[in-house]
Amino acid sequence: MQSSFPFNTAGYSRIVSDETRPNPDALLAAIQQEAVQKKRGKLKVFFGMAPGVGKTYAMLEAARREQAAGRDVAIGYVETHGRKETAALTEGLPVVPRLSHAYRGVTLPEMDLDAVLARRPQLALADEFAHTNAPGSRHPKRYQDVLELLDAGIDVFTTLNVQHVESRAEAVRQITGVTIRETLPDTALEGADFELVDLPPEELRARLAAGKVYVPESARAAQENFFRPGNLSALRELALRFAAEHVGQDVLAYRQAHGIADPWKSGQRLLVAVSASPTSAALVRWTRRLAAELQAPWLAVYVELPNPLHADDQVRLSRHLALARELGAQVFTTTDDDVAHGLLRVAREQNATQLVVGKPVGWRALDLWRGGSLLNRLIRESGNIDVHAVRAEGEPPPSRPLPRPRFDASASRGYGIALGFVAGTTALNAILQQWLGYQSLALIYLVSVVALAMIVGRGPTLAAATLTALLWNFCFVSPVFTFRITGPTDLMLFCTYFVVALAMGHLAARLRAQQAAERRREQRATALFFLTRELAQATDFADLLAIIIREVGKTTRAEVALSLPGETRTAPLTPYFANTWAMPDKEQSVASWAFRHQQPAGRGTDTLPSAAGLHVPLVAGERAIGVLSLRFRDPAPLATGQRDLLDAFVRQIALVLDRQRLRDAEQQAKLVAESERLSKTLLNSISHEIRTPIAAITSAAGSLAEKGSAGAGAFERTMIAEIQEAARRLNRLVGNLLSMTRLEAGHVKANLDWCDVADLVQVTLKDLARDLAQHKVTVAVAPGLPLVRMDFVLMQQALTNLLFNAAVHTPPGTAVQVSAAAEEQTLALSVADHGPGLPREALPLIFDKFYRAPAAPAGGTGLGLAIVKGLVEAQAGQVKAENRPSGGAVFTIRLPLASAPPVARETT
Amino acid sequence: MSTAPQPLALVIDDELQMRRLLRVCLEANGYRVAEAATGQDGIAHAAQRPPDVVILDLGLPDMDGVAVLKRLREWSRVPVVVLSVRDREEDKIAALDNGADDYVTKPFGSGELLARLRVAQRHAQPGAQDSLFRTGRLEVDLAARVVKLSGREIRLTATEYSLLRLFIQHAGKVLTHRHLLREVWGPNAVEQTHYLRVYIAHLRDKLETDPSQPRLILTEPGVGYRLLDEPSV
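Residue numbers (our numbering), protein chains in the order written: chain A, 332 to 1239; chain B, 8 to 240.
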């Protein structure tokens, strides 16, 4: 069916006539995927039906071709199994040295992931995709190593047998009878290229007989069975079909990406019920296969019942849920006291159209007790949801009896209490029987059973009910001290008592269990509520962190460490100083991994499960903003409920931290803006206060000069000129002081724009005409100089200062030359004078604030050149002072040159 | 102008000394002067006795000068010359974009201020717009679209001509970069300063005697350009 899928479109097109438009979600996913894939490495899988078909050989050949084509190829890990032809192919291919793991006295060589990452080849070879790494490696599985290589942008070649594919493992087991332990989630193969390495079964058997196929010592016994001709044919078909199906998926992805109508969209949504039962895994795989065939999304749902799971069951359940997640299901956990009810609730909430459950194998009597088997009730109540009952085989169920009675410490305490109750009541009854009839004593027993049910669990209650029935019969019903019942009335009484006691006990216990579940749920909600409330009270970031550490520690009963992004690049993550758990370096590196990959790592996860702590990244939006690390005192794995609570906590914490950080940043920005506003106000008022009187002086002197030119003598004219000159000088000083203050405060922001250098020079010279009147000024702007990106006003000020400097420091009558030219990628704008030049010792200091060269004329503040430097640097330029060989000083401003956007030429 | 009644100048400045100085200077040059020390006061004055020209300080005690400008422009087209110590080009641009006719920074020469006042007043006169414009050696017949330099016809491209026409319509007045770009190249081009640089250079090449010493189209650093307005020459 799968292999014929891509070609058999006629039957499906009818269903989806309205689905001709590409699904926008799928398009978006495709865009994102493309974006990711651009950076991501490409995976190529050399795929075969069984060991010995020559996958490694084919991979090496392909790698040599890549190398010959000029790509950087390196061997991360290749297993030649001592075969000469294969080993010969590895020659000439650089090998990244393996890492040796000492494990129980054996040295296990593994691929050195970090070394390969550091070596960064374009293409890495990593044999045996489904390989399980030695304990203590970063990842439990090699495919996880490979995924990390791909994430780092390295292409990978790898090899795989069909038996190791998770969704096919069950089929392989059914064909060969061999249970495959090393399996690989199907998701790891998504987006991979497949190259099928095929060999006819007879040839493979011939190679096997010739000893050319490596089979591990431990598998020798299974070898004969595995490589039976019938099996090989079946495996070969399985491999061919799997590869074909993958090609089909590629076609499908392509069709969706390019807006071609998808004729297979079925509109179905599958839901599989997952439990701790060993058959669940097979059920999950079955559903995944059906989902793949229907091209339908699927969910896996676990209904958590009031009574807690046994540790073994908890582990198995976690495994099933993880399996479902790996196979691409959306996983839900819900709490309900009735499995059927919970399943249907989620199914309706999630719009599931098909429900998959296991075929019941339990006791029918027990089903009746529960008001019909799960399957019957699901079928009865499912309404428009289809129900699949699938016969699923699993590992043999554990020898533990299925109904719950369990002799752990707390249970035996329960039985003790029950025994005490029964003994006490019996003693009481022995006393009361003087006054009461034996029927009344039954009622007293009944009261004690009900009372007991309120205190202990179902098992002890039921035991007490049975025991009291027998004791009542034995001690108080005549004939006394026998189990014999004489009259029909007594018989009826005994039976009624027995049934009522059992029912009461059962109901009371169930009620209690429900209450307990309710309480746990409430505790969870309360914990979250308290966390939220406490977090809301935090006044700042540090307070927030302290509260997080305290509250999380209290709720999870674990030592807590928070790590936040560090300031430097070398330490991406820094543990917070107030942590209750001082993480050793190794744990810190696990936390770093979790941070980088935005995935939980450490205990109970797939990555570095041997770590002491669980490290959960705090992800807000797209970014990880820190890591929460927990070291639990209780060595047992986390129960599903605890895990949910932790997830909720982490989400909440990430949200709050992110918000607080944004608030802090906003606060900071406000502060900066406020300080800028203040200093601007101050500068404005200073400039107003000083310049207004100067303006008055200038204006008054100017008016005087105009008015008085007729009547005034030379003396008055000289005095007026002096006043005007002094006012100008004062004004320049104020201007320079303000500029320096603005530069120092960092308030000068260059407003870069395309400017005409000739215009700049011209405007500046015009403004300085009076100051340069005593000098011969020449201008040499290179013809065809392009527009330059600069701040016209800042440059004008800089050039003004340079020219003014030249005017002041050189004798009257000497020449000053302004020239502008393009030199390589810079504009060189220089002011050259024919003065005495700069003293040698002044050269390195000349641009310093308040520096005044020895023998400089009196007056001047030593600010002019410092301002020039500040103004030019604000525009990403440089300024330099030199002495010219021919005498005199030259100051050169250099600004980066870029080609201005073109302007269309017009004709008249 | 000599027969016309003396023009009324309204001085809005909070500095008593400045007002006193301006009064002396303006009265000596044939103006009547009204004074206001606050923005509110100034607006009230302008409403009661419409002045012929307003000299406006930006740093007023009760409100910012630009706000006064905006209020004035809601109902009046009186020429306004800003006279301020603020010498940063963003202040100049803000004032010009909000309807100021000119901008003079303190300290100022009285001759310069008076010249700017005259230009601003001339523009406010209705019907003054002649189809024939003359400044310096330049003569433009806006009706016939003919540009002459010392009597010789000059050929301009379409863009050069629209730029020149815009200058002529606002002769003597500073036009900001954004204003020029918006009017000539359209609202999407207001950031494309390089268009302006290139075409100003073209215009100068064609119209100026010495393009490196422009006398017709003057650069106002960081703010914009101004066309020389000397019709009497």
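By construction, these hints were calculated from the structure, which means they are not laboratory data. A few of these clues could be false.
[Said to hold, decoys possible] Only some residues are given here: those of chain B computed to face chain A with a beta carbon under 10 Å: (1) D69; (2) V73; (3) W82; (4) L90; (5) D94; (6) D104; (7) V126; (8) D137; (9) L139; (10) V205; (11) L225; (12) E237.
[Unchecked claim] Result set (EDC-like, lysine to aspartate or glutamate): computed pairs, CA atoms no more than 20 Å apart in a straight line: (13) A/K370 to A/D524; (14) A/K1097 to B/D69; (15) A/K1080 to B/E97; (16) B/K213 to A/E1237; (17) A/K1011 to B/D212; (18) A/K373 to A/E479; (19) A/K1097 to B/E198; (20) A/K1080 to B/D98; (21) A/K1011 to B/D94; (22) A/K1097 to B/E34; (23) A/K1097 to B/D212; (24) A/K1097 to B/E119; (25) A/K1080 to B/D94; (26) A/K1107 to B/D217; (27) A/K1080 to B/E198.
Just so it is clear, the structure is predicted and the values come from calculations on it, not from any experiment. Idealized CB from N, CA, C, for every residue including glycine.
Agreement of hint B/D94 with chain A interface, Cβ distance less than 10 Å
holds (8 Å)
Between A/K1080 and B/E198, does the CA-CA distance stay at or below 20 Å?
Status holds; Cα separation ~17 Å.
Tell me if B/D104 is really an interface residue toward chain A, meaning its C-beta lies closer than 10 Å to one of theirs.
Result: violated, 15 Å to nearest chain A Cβ.
A/K1097 and B/E119 were given as a pair; does the straight-line alpha-carbon distance stay at or below 20 Å?
The hint holds at about 15 Å.
Restraint outcome when B/D69 is required to lie within 10 Å of chain A by C-beta distance:
Constraint on B/D69 not satisfied, violated at 15 Å.
Proposed proximity, B/D217 with A/K1107 (alpha carbon, max 20 Å):
holds (18 Å)
Are A/K1097 and B/E34 close enough, with their CA atoms no more than 20 Å apart?
violated (31 Å)
Is the shortest C-beta separation between B/V73 and chain A less than 10 Å?
Because about 13 Å separates B/V73 from the closest Cβ in chain A, which is outside the 10 Å limit, the hint is violated.
May I ask you to test the interface hint for B/D137 with respect to chain A, counting a Cβ-Cβ separation under 10 Å as satisfied?
Where the cut-off is 10 Å and the nearest Cβ of chain A is about 25 Å from B/D137, the hint is violated.
Does the structure keep A/K370 and A/D524 at a Cα separation of 20 Å or less?
holds (17 Å)
Evaluation of the interface hint that places B/L139 against chain A, nearest CB under 10 Å
violated (22 Å)
B/V205 as an interface hint toward chain A, with CB separation required under 10 Å:
Holds. Min distance 5 Å.
Against the hints set out earlier in the document, violations occur for numbers 1, 2, 3, 6, 7, 8, 9, 12, 14, 17, 19 and 22.
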